[in-house]
Amino acid sequence: MSHENPEQNTNAHVTGTRVGSIVSVESELKRPLRILMFTWEYPPRIVGGIARVVEGLSKALTRQGAEVHVITNEMPGSPMEEDDEGVHVHRVSISSPAPNFHTWVLLMNHYFAKRAGVLGREVGTFDIVHAHDWLVLPSTAEAKSFLGCTMISTLHSLEYKRAGGVNSPEGLMIESFEWWLTYESSLVIVCSNAMKGDTKQKYTVPDDKIWVIPIGIDPTKFLVSSPNRDRVRDRFGITQSNKLVLFVGRLTHQKGCEYLIRAIPSVSKYHDAKLIVVGDGYMRGELEYVAQTTGEAWRIRFTGFIPDSDVVDLMLSADVMVIPSIYEPFGVVALEAMAAKVPIVASAVDGLAEIVKHEYNGILVYPKDPDSISWGISRILSDPANTQRLLENGRRELSKQYTWNAVASLTLECYKKALSK
Amino acid sequence: MSEEIITMLSNLGAIDEGKAVTKELLSNSDSLKNRVLDDDIGKLVLSGYVKKTDGKLYLTKAGLFRALSRFS
Numbered sequence: 003m004s005h006e007n008p009e010q011n012t013n014a015h016v017t018g019t020r021v022g023s024i025v026s027v028e029s030e031l032k033r034p035l036r037i038l039m040f041t042w043e044y045p046p047r048i049v050g051g052i053a054r055v056v057e058g059l060s061k062a063l064t065r066q067g068a069e070v071h072v073i074t075n076e077m078p079g080s081p082m083e084e085d086d087e088g089v090h091v092h093r094v095s096i097s098s099p100a101p102n103f104h105t106w107v108l109l110m111n112h113y114f115a116k117r118a119g120v121l122g123r124e125v126g127t128f129d130i131v132h133a134h135d136w137l138v139l140p141s142t143a144e145a146k147s148f149l150g151c152t153m154i155s156t157l158h159s160l161e162y163k164r165a166g167g168v169n170s171p172e173g174l175m176i177e178s179f180e181w182w183l184t185y186e187s188s189l190v191i192v193c194s195n196a197m198k199g200d201t202k203q204k205y206t207v208p209d210d211k212i213w214v215i216p217i218g219i220d221p222t223k224f225l226v227s228s229p230n231r232d233r234v235r236d237r238f239g240i241t242q243s244n245k246l247v248l249f250v251g252r253l254t255h256q257k258g259c260e261y262l263i264r265a266i267p268s269v270s271k272y273h274d275a276k277l278i279v280v281g282d283g284y285m286r287g288e289l290e291y292v293a294q295t296t297g298e299a300w301r302i303r304f305t306g307f308i309p310d311s312d313v314v315d316l317m318l319s320a321d322v323m324v325i326p327s328i329y330e331p332f333g334v335v336a337l338e339a340m341a342a343k344v345p346i347v348a349s350a351v352d353g354l355a356e357i358v359k360h361e362y363n364g365i366l367v368y369p370k371d372p373d374s375i376s377w378g379i380s381r382i383l384s385d386p387a388n389t390q391r392l393l394e395n396g397r398r399e400l401s402k403q404y405t406w407n408a409v410a411s412l413t414l415e416c417y418k419k420a421l422s423k
Numbered sequence: 033m034s035e036e037i038i039t040m041l042s043n044l045g046a047i048d049e050g051k052a053v054t055k056e057l058l059s060n061s062d063s064l065k066n067r068v069l070d071d072d073i074g075k076l077v078l079s080g081y082v083k084k085t086d087g088k089l090y091l092t093k094a095g096l097f098r099a100l101s102r103f104s
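Line order of the protein sequences matches chains A and B. My numbering puts the first residue of the first sequence at 3, with every later residue one more than the last. My numbering puts the first residue of the second sequence at 33, with every later residue one more than the last.
Excised from the complex, chain B in its bound form (with noise of 0.2 Å):
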């Protein structure tokens, strides 16, 4: 579920504060529908790889590289 997550704020462009998405965003996509998000966005947060910001969420460096690691 983490990496779905993180998959998810990078396909929608989530890289700095300027384009952080809302959870709600998150999980009307088709991948997160249905799910309870909030514990995994807690996790990903403390680990450095999320940061959120006014209820909204974009990925940190970290966060990016490991999105992007599944394809290189």
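Just chain A, with the same shape it has in the complex (with noise of 0.2 Å):
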């Protein structure tokens, strides 16, 4: 299927790079910049990393002054309406069964739209609609046309590089979401330059659509007074002579988890280790197979979901963070075990490579290649004064370019830009 479309949206043909005019929005408004953005996912509804990028953004964009309103689902236990450090958070109930995912979907944003239409008459007048993803372009669209707005979307991921390829007609309905969408908005955010190339060559979107904003973290999450690191490992029995070696992430294919198992016999040779894996997935059953046949499956634990405060704890903890990725649009978990002053060792694929700078601030290693996994984490390992060095260079870089309030001031330059034309 061909996605290419000579005629992308005329009227989002941006004319200046980001430094171009930008027309004080708000003053011509009288009023703060109203933003409905749209998300299947916001914490505690916690699947992917969308849920805390459109957390981290909307809360940094309430802080620089902006109005910004959440549509999202339902979660047990949550309010159906919330303030959340002035967001405002709306979630939805889908009260109809759906026979399968990809109608589950579509009836999801049958009940966003709606939602998006109460607002309209509820709050007044929005300024940007804002999809996260394929999974909410159909009631993004519909809004946009409804209250007369701009929009803007941010691809997190493409489908071809994430599945692998696309072989199924679900994967070839989330491609044509992905084109319709960077179709219908006036300009695309992306997260990397890789993911910016990736998207440009597929569905044919003129270069000065696209606009790369990387993604932000809270490092404050990560100076909590230092965990008792011996009770920490103890509790995942973790000794004192075991060199930790941590994995956090869905155990799925793109994440590359069974690489970085089979790697562990080889880093073992040289290394009393044990590998923690964090996460779950629809892959856990087969990464448990995959462990008992490495004949080192002692050395391996999964723990499945644990609550946040036990994460950062290990990745406090921790004597070396492997990010094996098969395909990572950017990889949040990177700059997460830079705040949290773990050394790390990562594919070095698409947006990954662009955080993560080998013998830098990490190691790179090649992907879907465990010798080259075994070699990375002994590098780390065996030469404890580089990797002081590495810790070093990955804290300053992070404290430049990946905070939140950075993150939402250019995208409130996208927004102002996307309004002014």
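These are computed hints drawn from the structure, not numbers from a lab. C-beta atoms are modelled at their ideal positions from N, C-alpha and C, and glycine is treated no differently. Please note: incorrect hints may appear among the correct ones.
Unchecked claim - Heads up, incomplete: computed chain B residues facing chain A, CB under 7 Å, no partners named:
1) LEU44
2) ASP48
3) SER59
4) ARG98
5) ARG102
6) SER104
What the hints assert, rightly or not - Cut-off 25 Å, straight-line C-alpha distance, at most; resulting in silico cross-link-like pairs (SDA-like, lysine to any residue):
7) B:LYS93 with A:GLU83
8) B:LYS55 with A:LEU109
9) A:LYS271 with A:PHE304
10) B:LYS84 with A:ILE308
11) B:LYS51 with A:LYS271
Two chains, each in its own frame: build the complex with the hints.
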């Protein structure tokens, strides 16, 4: 299927770059900029990275004077309407059962659009509707039309890379939604130069329609009084002499955890290493089987989903964090590792290789290559002086460009550019 | 099979006790038709992904996140 379309939303052909003339939108509006975000996940519903991005961005935009509303899915135990540090969160119940996931997505969009219509009457004019990924395309595009506002979208990843190719009707539908998202939007935000290149090539989007805005993190959550390292390690079965190798992520094909598991026998020839795999996903059973086949299964522990505070404690107590992804448009976990001052071994792929620079703030290894991963881990564990240098560089980099305030400022600039056309 | 069960529970909106569904409803869905589900459901309950109440089933938070992990 080709998504080439020379008539990409002509309304969206921005004539300058980021720094062009930006009108003072707020002074013309005589009220704060009003933004309506659409997302299928918002904390505490955290499936992947989108929830954290929408939360961090929305709160920072609010701190910078914007009025932000978020339409998202319900979550048992969370209020349907919530003021989350100034962000107006509107949770929606999908009250119709669906026979499959893709029908469920369409139903979700129906209920989201309905909520947006009611909000338009309750709140008044919105200036921007902002879609977070293909899952919310139909409702955001509809809201753009009936609320009469400008649409921005963030593409968080691309299906053909996430799924390792598109070979199913479901995949084709997702791809067509991704293209449609780029078409409907005045400007498209992606998180890395790699994502920009992929999006331009795959969906024939004009260069100046795509803005690269990185993802931020909140480093303060890693500044908690240092956890009792021994107590944390003891809780997870790590002894004083063990080297704690940590993986944090969804257990899906894209994250490449199986290659890390396969690297453990080689690592353990030289280091008394134990691997803790934090996270869950549809590949968990398969990965537990792979661990059994290594003959070193006793060195590998799967925790499933654990509370955020435990993840932070583990990161602060780890000797090395490995990010063996096959595809990673950004890799926020690398930033978190830098904040936690845990050395990083990461695959040299996509946006991840833009954050982690080899022998500067981490070690890059070949994707899908257990031997290379093993080498990277040993490089970290065998040279503490060099590792210390990598950690210091990482920390410095983090404070320069990956704060939510910096990300929100760029996003506001993007909104204003779209509105000024 | 286990993945198909939790995905179907998510599609049906069975994410809390009030929205729990029967095993019969699950086994009548296209992707699970004519299959014996008891063993897999038992494993999912033991692993903490599914809860059973008054003969009906619903996803725990861990089950919901696992079901959706494929699509994020």
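| query | Quick check: which numbered hints come out false for this structure? | reply | Hint check: 3 and 11 fail, others pass.
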